Amino acid sequence: MDPDDLTLESAAQDLAIVAVYRQMFAVLGSSAQSVISDPMLVDLADALFAAFSAAGSEGLTMEQMRSACRGFPEPVFTSRVRVLRELGAVQKAFDRPNQDVYRASFTSYVSLLFVRRMLTRGGQLELHRMLSLERLNLDDPAATEDDARESASRLTTAFRLIVTELFMLTSGGTIDSLREKAPLLWNADSLIGEAAAAHDRMLSRWPELTRPSTDLRAAIAAYRDVSTAAAGRLTQAVGATRALDLLPAEAWRTFTRRSSVGALAAPLAGLIFDAPRAWLSAGDLTEAVAQAERPAPQRLRPPRADSDDLADATPADVAPADDREADDLAARAEAVLAGRDAVDMADLIGRSGDWPTARRTLSDLVAAAQHPSLPYDLTWGDGLVVGADGVPSWRGQGRFVRVAVPA
Amino acid sequence: MTHPAEDLLGALSERQRDEVVAAWAAVEYGREPVDEVGFAALRDPALRETLRAVLRRTGRDLVRIAGRRWTSGYDDDVRAELVARGWGLLPEYDRAVLTTILVHSVAIPRSDGHLTDDSWASAVPTTVAELRSHTQLARGKLNDALQRLRSADLIRAARTSSEGASYVPGPQFHRLTPAARRLLQEELVLAAGPGSPLAAAIRHSRGGQQ
Numbered sequence: 001m002d003p004d005d006l007t008l009e010s011a012a013q014d015l016a017i018v019a020v021y022r023q024m025f026a027v028l029g030s031s032a033q034s035v036i037s038d039p040m041l042v043d044l045a046d047a048l049f050a051a052f053s054a055a056g057s058e059g060l061t062m063e064q065m066r067s068a069c070r071g072f073p074e075p076v077f078t079s080r081v082r083v084l085r086e087l088g089a090v091q092k093a094f095d096r097p098n099q100d101v102y103r104a105s106f107t108s109y110v111s112l113l114f115v116r117r118m119l120t121r122g123g124q125l126e127l128h129r130m131l132s133l134e135r136l137n138l139d140d141p142a143a144t145e146d147d148a149r150e151s152a153s154r155l156t157t158a159f160r161l162i163v164t165e166l167f168m169l170t171s172g173g174t175i176d177s178l179r180e181k182a183p184l185l186w187n188a189d190s191l192i193g194e195a196a197a198a199h200d201r202m203l204s205r206w207p208e209l210t211r212p213s214t215d216l217r218a219a220i221a222a223y224r225d226v227s228t229a230a231a232g233r234l235t236q237a238v239g240a241t242r243a244l245d246l247l248p249a250e251a252w253r254t255f256t257r258r259s260s261v262g263a264l265a266a267p268l269a270g271l272i273f274d275a276p277r278a279w280l281s282a283g284d285l286t287e288a289v290a291q292a293e294r295p296a297p298q299r300l301r302p303p304r305a306d307s308d309d310l311a312d313a314t315p316a317d318v319a320p321a322d323d324r325e326a327d328d329l330a331a332r333a334e335a336v337l338a339g340r341d342a343v344d345m346a347d348l349i350g351r352s353g354d355w356p357t358a359r360r361t362l363s364d365l366v367a368a369a370q371h372p373s374l375p376y377d378l379t380w381g382d383g384l385v386v387g388a389d390g391v392p393s394w395r396g397q398g399r400f401v402r403v404a405v406p407a
Numbered sequence: 001m002t003h004p005a006e007d008l009l010g011a012l013s014e015r016q017r018d019e020v021v022a023a024w025a026a027v028e029y030g031r032e033p034v035d036e037v038g039f040a041a042l043r044d045p046a047l048r049e050t051l052r053a054v055l056r057r058t059g060r061d062l063v064r065i066a067g068r069r070w071t072s073g074y075d076d077d078v079r080a081e082l083v084a085r086g087w088g089l090l091p092e093y094d095r096a097v098l099t100t101i102l103v104h105s106v107a108i109p110r111s112d113g114h115l116t117d118d119s120w121a122s123a124v125p126t127t128v129a130e131l132r133s134h135t136q137l138a139r140g141k142l143n144d145a146l147q148r149l150r151s152a153d154l155i156r157a158a159r160t161s162s163e164g165a166s167y168v169p170g171p172q173f174h175r176l177t178p179a180a181r182r183l184l185q186e187e188l189v190l191a192a193g194p195g196s197p198l199a200a201a202i203r204h205s206r207g208g209q210q
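Those protein sequence lines, which keep their order, are chains A and B.
Residue 1 is where the first sequence starts when you use the UniProt record's numbering, and the numbers rise one by one after that.
Residue 1 is where the second sequence starts when you use the UniProt record's numbering, and the numbers rise one by one after that.
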């Protein structure tokens, strides 16, 4: 530094800057020299600021501060207040020896808010704001080429840092750390859009700024690439449903609220599910399997009728009825055959016109073929005849045949 | 008529055939995935491959669920072909209702950190009130669609609360193969966050495959 600059005024200016810095980071100080190692200490600062805000211009005495922080252990409270006082986050309202009323520093509280936001949203929100501000700067009619150059340099630095961090996470980090940190860093399309807009604005107003704008463009493109790479590595690693939590809940809510039926239906368009049917419980199935393995108990034949009159009586009673049925079935079968020796079932059913008729014919022919004393046979082959307009729309291939009665 | 896998089963001893058929019936007709403890054909790797081959003959595949449970589902190639021909798809409106239930019961709880295991099962119910008031689904058709989805086991009624009936994804989602589950996840991400880096990565990897 030039010795000429070492005036009392410049020293005072430096001190003022350092004082603001100290206030800003007071909430994170564990002693005047180093940062905290326990998040509880920030919670204590939060409680303290809330109490100061409620107290208004009255300020708080040391006892009131202690009462506001009664949820925290006394030694912690004492050391925190000491640090906050040393760094200027809590100051005496009036600088007099016997005054015990304190007020809190606005700068410290704002920095606490900032710290909290960085915790939940990472640096992305800040980058958004920075972009909005830079955009305003560039649109300002009074802005000069130097302003634009500085603005581009700030944006380039921010993007390069975020790219490096994401790149290190993607290439060398564990999946857990990537999962935790990447969503705070990676690209939302809006961010790239804003950055590109700022870049375009700068280039159109100051076309001679080729170098800074090229740097900025490269940084934005690198950011897009590394974001995609990080997301790709995560989706590959996390499994078949876990990537869902990488989108914020709000994005999902917006999707279901605003989408049309068609857009909602689209994600399931590539999947096939089973048709409804009677599903069984696993317990029932296991039980069925367990029982099937046991040998079935031997069945005993029912005792034969040994009474003579019963044995004599039976055929006499049954025969006439049997004959009547046989005659009836033979008549129907002959009607169907109409003089031929065989008839094609698919053809026959197809010509019947409606299902009830076809059904009756079918049952007659089956009964005739099954009857032991009638000379008919019904055989079914493989395959189906399908006709969308036919009644019924599908028919089995079979033949109804009159067989030669053995002499 | 003979079963398409008759020749595969014919090559086995009687006992092995019984075991394969028992396991086949269990995975095909069981509502929930079955535990391999009860089925020798699921425990034994060689028989399991035979079972897989038997299922393949009818266009199905054996699907492993976390732990030692198994079920069956459409084979990936068969699914792709059925979809290409437009066979067996759910009606559009039913799909929209189902997507909404998946988002409310699975995606949102996941974003909030309430679900951690890698499956489409969820204990967070979606109420009918949510479906009615927070979507653009036509109201008159909603009950019929829910009824159809229920009978297909795609959704299951959760314990009804004071807010009326509510549903969670049904056991049919266990029948999705890993590739089908991944496809569903990707399609949901593409639909809900088309501008997100996840969607970019998905489009990028699909472009690389083609």
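These are computed hints drawn from the structure, not numbers from a lab.
The structure presented is a predicted model; accordingly, all values stated were derived computationally and were not measured.
Beta carbons: idealized from backbone N, C-alpha and C, even for Gly.
Don't take every hint at face value.
With the C-beta cut set under 10 Å, the calculated list includes, among others, these residues of chain B facing chain A [as the list claims (entries may be wrong)]: (1) Phe-173; (2) Leu-184; (3) Pro-194; (4) Ala-200.
Hints, one by one, checked against the model:
1. Phe-173: holds, 9 Å
2. Leu-184: At 6 Å from the nearest chain A Cβ, Leu-184/B passes the 10 Å test, so the hint holds.
3. Pro-194: Hint holds; Pro-194/B Cβ to chain A Cβ min 9 Å, cut 10 Å.
4. Ala-200: Given a least distance of 5 Å, the restraint on Ala-200/B holds.
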